[in-house]
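Undergrad: Chains as they are written, first to last, in numbering that gives the first Met the number 0: chain Y, 0 to 275; chain U, 0 to 104.
Keep in mind that the hints were calculated from the coordinates and are not lab data.
Keep in mind it's a predicted model, so treat the numbers as computed, not measured.
Note that the Cβ used here is the ideal one computed from N, Cα and C, for glycine as well.
Do not take every clue at face value.
[Claimed, not checked] A few chain Y residues that face chain U, going by a derived Cβ cut-off under 8 Å, partial list only:
#1 Leu54
#2 Leu80
#3 Met85
#4 Lys172
[Said to hold, decoys possible] What the simulated footprint calls covered on chain Y by chain U, stretch by stretch (three residues with Cβ under 8 Å from a Cβ of chain U suffice, anywhere in the stretch; the number is not a length):
#5 95–102
#6 127–137
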Amino acid sequence: MPYDVLVIGGGPAGLSAAVNVRARGRSVLVVSNPLEENPLWKSERVDNYLGLPGLTGAEMLQTFRAHAEKSGAEFLSGRVLNSALMGDTWFVSIGSDVQEAGAVVLTGGVTRGKKFPGEEEFLGRGISYCATCDGMLYRGKKVAVLGWTDSAAHEADFLREIGCEVTYFSRPKTCAISGGDAVTEVTCDGVTAEAACVFILRPTIAPTDLFPGLALENGYVAVDRKMATSLPGLFAAGDCTGGPLQVSKAVGEGLIAGQSAAQWVAAHRKDSGAPA
Amino acid sequence: MALQHFKTSEFDAAVNAAPLAMVDFWATWCGPCKMLSPTIEALAGQYDGKALVGKVNVDEEPDLARRFGVMSIPTVVFLKNGVEFDRKVGVMPADAFTSVLNANL
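So here's chain U without its partners, still in its complex pose (with noise of 0.2 Å):
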């Protein structure tokens, strides 16, 4: 599956449903978001039909990023089924994203 955009109401619908999923937190007016950007869609095809992969902007989906009490962007978010169990905060190299999925997946 490509990239997903989430949008509030279908969030939850969306990461339930998925035995893994990595969602990372952004705004347009953050340039380390912007940089980080390229990595996630890489992700997004690289891990396709294994774990959904998704994107948040903060900025139009303010209740999300307060529900999970995002503080600094970006942050990527890892869940199994809606439940979050690794995070990572700031722009990392693919590796480091790429070592939490393959010891979930």
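In isolation and in its complexed conformation, chain Y is listed as follows (with noise of 0.2 Å):
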């Protein structure tokens, strides 16, 4: 089911937009890794939170989850791979699942780490960023996996369940691919492991990666006073678009791109229809 607006990101920004997008009669699906997995979520206390001081981060990733679930807002567990637009849809996928929105709103926070060398040579020659998109391809052979998360974990061991033989690097820091005409080997913080398949499984994509062409400035994503990118019909908020990197300046923006992404497809999706 196509849905009025695509939150890319769970953390306050993301969260924020969405319940916003809700308040103007919009349908929402927010896609983002499990709430765990939040920079947030580590934090022991928050102080600068207007009015309400001293929760932990986890306090307030929950709270604010609760008030995006109860607004209406629809959630689905992943990592976006790739957009298109076609027409005046954005196409996004997610794993094996496609979903299209009017508008979307990127809150993928900062991604963190550079890639690797070897990584931009041997794409689409035994460098993969979906196990589920490339595993069978891999079946009966050696891969390795560059985890950072619990989901990246699991990913491993979806890759195991197929018949892959796995070797697993959790958060790694320095790692190198090397080859031939394709991968034969990664090397991470010294260890090698022969693969013929590197699957690195970052937290977020970068914005640039995820949707081409699209505009930084001094390597955040670009934006207007509207939260408006280069691109038509995405907006971003929160940490992407810049410091200071803090819950209410994420939530403030989050406010701005979701109203600004309802009102996009007020004007823009003529069948979508009166609000629900």
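Got two chains here, each in a separate frame; can you build the complex from them with the hints?
TA: Structure, rendered in structure tokens:
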């Protein structure tokens, strides 16, 4: 079912956007990693959120999430891999799933970690970002998984289940991928593993990889006062648009982005009917 | 000609006879492949009579996928009379494909 708005990211910015899309009577799907994998989850105390000092990051996230659920937002757990705009519809792929929406709000946070040596070079020749997509091509072969989250560990289990021989690198710091015509091995933090494919499962994919052509400013997603990006129907909010990397700022930007996205859908989607 | 769904048995005869062909390797369990699908279908219509546009399900035709060294899907391979001359890996906008097709018509 197509949604009016699809939100990428389930942190403060994404949840605020979702609540405000619902406040405008539009349907919204939030695609995110599990709440516990949000960087805020580990904050022991947040003291600068107006009126509610002293909460832990986990308490804030749970409260925000409950609010968004109550507002009627829908949720899907997973990592967004690709996007494409066709006509006035955004298509977004999540694992083996594809969702459609009239507008997208990107709240993917800050992408941590640069690409590894060999990653760009071997793309499509033994580098993959999607275990469910490419795993079947490596049945009975040795593969490596570079994972930074519990979800990544689950994807490694999936690869084992379908018959891949998996070496799992948990939260590697420095890796290098090498080979000839295709990948043959990967070395992470001094350990080398033979691999026909290296699955790189970062918590978030860089905005410019998700949205080719997206304009950046000082390394962050460029937005205007309405949180509109350089691409039609794509809005952004939160840490991905730059500092300060604070909850209040993310929530405020999420509100604007959510309202702008709802407004965009009303103006551009003649087929979307009256708000529900 | 409309979009072709190739079986291994008929693949060679079809692409060898085509001065220009574009083949999308895909699978049902691949989200990005599903996303690319409407673009490939549109191109099949757009290049009707000019280029052969087809799809290969890597799950049903693993031999073809192996032969072309498909290591990540979607992969789109371009051929002239059966000989590969270019390929694109991953979801891309339609003009990434039309630029290759137009330059080789």
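Undergrad: Hint by hint, which ones does this structure get wrong, listed from lowest number up?
TA: Result: hints 1, 4 break, sorted rising.
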